[in-house]
Amino acid sequence: MKKFFVINGKERELEFEEDALLLDLLRSSGYTEVHCGCKEGSCGCCTILLDEVPVNSCQILAATVNNKKITTVSGLGTIHSPHPIQEAFVEAGAVQCGFCTPGMVLATYALLEKNPSPSDEEIIHALDGNYCRCTGYVKILKAVHLAAKKVKNNV
Amino acid sequence: MKWFYPTSIEEAMQLLSQEEVFLHGGGTGLLRRGLQGINGLIDMSSLPFNTIKREDSTVIIGSQCTYAQASDALLQIDPENVLGKALALAASTPLRNRITIGGSLAFLPPWSDLLGPLVALDARIAVAWPQKRTFSLSEFISTFSQQNKCLITHIIVPAIKTLNFYYRETRVSFDYPSFTLTIILKISEGSIEKARIIFTGNKTRFYEAKEIEEKLLGLHINTITPEDYAQELPEIDFIDKQSGSAHYLNEISKVWLERGLRSLKEGESQ
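Chains A and B, in that order, are what the protein sequence lines are. 106 is the number that my numbering gives to position 106 of the first sequence; each next residue is one higher, with no gaps. So my numbering is basically just the index in the second sequence, starting at one, shifted up by 155.
Hints may be right or wrong, so weigh each one.
What the hints assert, rightly or not - Among chain B residues calculated to face chain A with C-beta under 7 Å, some are:
{"no.": "1", "residue": "Thr183"}
{"no.": "2", "residue": "Leu186"}
{"no.": "3", "residue": "Arg188"}
{"no.": "4", "residue": "Ser247"}
{"no.": "5", "residue": "Pro249"}
{"no.": "6", "residue": "Leu250"}
{"no.": "7", "residue": "Ile379"}
{"no.": "8", "residue": "Asp383"}
{"no.": "9", "residue": "Gln386"}
For the record, the hints were derived by calculation from the structure and aren't laboratory data. Think of the CB as a built atom: it goes at the ideal place given N, C-alpha and C, for glycine as much as any other residue.
All chains should be modelled from the sequences, with the hints used to inform the complete structure.
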């Protein structure tokens, strides 16, 4: 089947099988920044924003994405022009192997859109679907607080 | 496998009468089940089931609303709403943004965080197909199993002020709970007017501790003795699970019943 998708602000027509997962479709279409981890909706590596809301793309059948806006981490910033959240993750040392980072950054973006000054508890709740097996989360918490400051100053 | 995108309830009902055609809510339950044997999937996202509204003393939640939407709306109405609190604890943020109320009821897994509060609150489930009527949770469970298809339109949740406690027994927060405990107490001038104590995760989906509920009625909240009621909790028909044997889960249930009642007692007397 074929459908139109709006990915990172650009409209694209993609062809896929009826039972294709959104994760697989995105990766096979070049969006390899959407990482494949557990494929069970547990780890959060495949997080994308669907109409600004974080979801596990491994838990979504591509055929159900009707006129919804998809944002991957590349839609937030690039290496030459990083988003303040991406800068904060680097500055706080919250990136080690980097596999979970796209999901973490997107989850942080969604959180800060709703709550510009989150507490530790609110950050933990918002990022509860994103696993990191390197950092121990302390630096991720610091990064989210730093990102909140940076985003506020950027406005 | 074919996809259908109905925009009206009538269209969806017509499609449902076909064999091996299933409804797709958020998709998380369906993916867990696997897509084998499915000839067609009905995407429900264009059906008018995604609103939440307050009507008199109830909250009507559309079946296509996600856990996150339902939880946010309920906690906005009442920050202590037990269903709102339970749904906020379920799964994880990205999954709460995807799991729908209707899908969760259709699959009703033993680890569901939806079931206990719905039973405790005497919520009702509105179904449009195969018969148009509302069901209590018990009726819904006995009428529909995972194999049967039904078109859930919304749930009706009484918006009553209660003292309440919700607990999910997990090793880490992301685990499926081995059991859940919902306690609600309706208090009038310090006296317990209504008590509901619901455990889920057992063989019969949920267990209501009716004997203890009856003992609590009419008592002043400050006079209850949580440790005694916990010891009186009968054996619940849990099965042995990876997270613990049935015996272990029964012992832990007693502990959490005591802690739950104590927290309500202490919370009220502060």
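Taking the hints in turn, this is what the structure says about them:
Residue-level restraint check for Thr183/B holds (minimum Cβ-Cβ distance to chain A is 5 Å; threshold 7 Å). Taking 7 Å as the C-beta contact cut-off toward chain A, the hint placing Leu186/B at the interface holds, the least distance being around 6 Å. Residue-level restraint check for Arg188/B is violated (minimum Cβ-Cβ distance to chain A is 13 Å; threshold 7 Å). About 3 Å separates the beta-carbon of Ser247/B from the nearest beta-carbon of chain A, less than 7 Å, and the hint is met.
At a threshold of 7 Å, the smallest CB-CB gap from Pro249/B to chain A is about 4 Å, leaving the interface hint in force. Satisfaction of the interface hint for Leu250/B is found here, the shortest Cβ-Cβ separation to chain A being roughly 5 Å, below the 7 Å cut-off. Interface hint at Ile379/B: violated, since its Cβ lies 30 Å from the closest Cβ of chain A, which is beyond the 7 Å cut-off. A distance limit of 7 Å between C-beta atoms decides the matter here; for Asp383/B the minimum to chain A is near 34 Å, and the interface restraint is violated.
Proximity of Gln386/B to chain A is violated relative to the hint, the smallest CB-CB distance being about 34 Å (cut-off 7 Å).
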